[in-house]
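Novice: Start from chain H and add chains P and S according to the hints.
Protein chains in written order, with our numbering: chain H, 1 to 139; chain P, 140 to 278; chain S, 279 to 417.
FYI, nobody ran anything at the bench for these hints, they're computed from the structure. All C-beta atoms in this analysis are idealised placements derived from N, C-alpha and C, irrespective of residue type, glycine included. One should not assume that every hint holds.
To be verified - Stretch-level coverage of chain P by chain S, calculated; a stretch enters the list once three of its residues show a Cβ under 8 Å from a Cβ in chain S:
hint, region
1, 166–176
2, 198–212
3, 230–243
4, 266–278
To be verified - Computed beta-carbon distance windows for the label pairs:
hint, chain 1, residue 1, chain 2, residue 2, range
5, H, G108, S, D336, 41 to 51 Å
6, S, A363, H, V30, 48 to 58 Å
7, H, R2, S, V404, 45 to 55 Å
8, P, W166, H, A55, 43 to 53 Å
9, S, H309, P, G266, 27 to 37 Å
For reference, the chains in residue letters:
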Amino acid sequence: MRQLHTAFVITSRGKGLYDFTDEVARWLAVHRAREGLLTLFVRHTSASLLIQENADADVRGDLERFLSRLVPEGDALYRHTLEGADDMPAHVRAALTQTHLSIPVRDGALVLGTWQGIYLFEHRQVGHRREVAAHFLGD
Amino acid sequence: MRQLHTAFVITSRGKGLYDFTDEVARWLAVHRAREGLLTLFVRHTSASLLIQENADADVRGDLERFLSRLVPEGDALYRHTLEGADDMPAHVRAALTQTHLSIPVRDGALVLGTWQGIYLFEHRQVGHRREVAAHFLGD
Amino acid sequence: MRQLHTAFVITSRGKGLYDFTDEVARWLAVHRAREGLLTLFVRHTSASLLIQENADADVRGDLERFLSRLVPEGDALYRHTLEGADDMPAHVRAALTQTHLSIPVRDGALVLGTWQGIYLFEHRQVGHRREVAAHFLGD
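Looking at chain H on its own, in the form it has when it is part of the complex (with noise of 0.2 Å):
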């Protein structure tokens, strides 16, 4: 039984889910990760962690979109406003989603299903740097 330890770096482009379900698959494959457990723990509270569906990229505008309506900038509601319009919805945005994630590897293969992809999941109006730290426990 082994651990690895790596930090995956995702700049986004504002608002929205980015892809980075290759990057980890890669990570694994180089270090020849059988069986265990890989866990993802973004580092920031204005960004989450999310899988979903990896098809129709509608479906990430349409959950983006539903979000932005759900938890509204410039919410009466909000005292923490000093940091920008966008920056308190998204730590509820975040709150809402996950901050981690965890999948089971076996026989050297994530146990995604088909149609599953890991996204980073950007709150911010801004594009940011996001550091998710990696976590492989197993053989």
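Specialist: Using the frame of chain H, we list chains P and S on its own:
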């Protein structure tokens, strides 16, 4: 330290929560899992996983109705409509709940609270065959 | 490779976020946990866990108010009302946030970002004694 893999298959009969706590507990018992970490991962993007109250069935009904209202079918916002009026809402509902669960195992039992059950959450109107990958790491 | 188990008890004073990052870090330090995976699991369905910003307290206040408005008490939709007007909203809020968190440990520290704290999220009006099971697997 050892690893176990399996897949639980849950056949849903449309939208709602399906308890499979007993199947998980039985699998751990058969393999005499004593101490470790169980991870469950649903291999779909229109179903999800949830820990929820297992006492009053009204809780699950209310949760289902709440999500059906929060994420309505036929919303003019959606572009992804070809797979049915319930497909895009299903992706949103999955994004707002969980794709995976990790639960510690201690003294041969999941550390669930008295009123906690493990549920598959089906988000499509029609029943589906859902696969949940399971992984145990420990002793 | 070794395993550690404990339970953190957090006494809440009603709805809101309670930081227990320091208790977790102290426990890992006392046991000299260097490399591995920490998993936290809340043993209740009307409280949850969340990684959130630890800088401006207004973020937590805004998040609390956002969820109170999104999931209102006294909603005509609820049938599960016998345990109090805040009980069913608490279950919905727990479903929309997290029951468990997994955080990698590297070089003796949780890989949290600078502004990230670990919170218990109490969803009931009255204070409760909440139990969070903790598990560490690693070196």
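Novice: Taking each numbered hint in turn, which are not upheld by the structure, reported in ascending numerical order?
Specialist: 8 and 9
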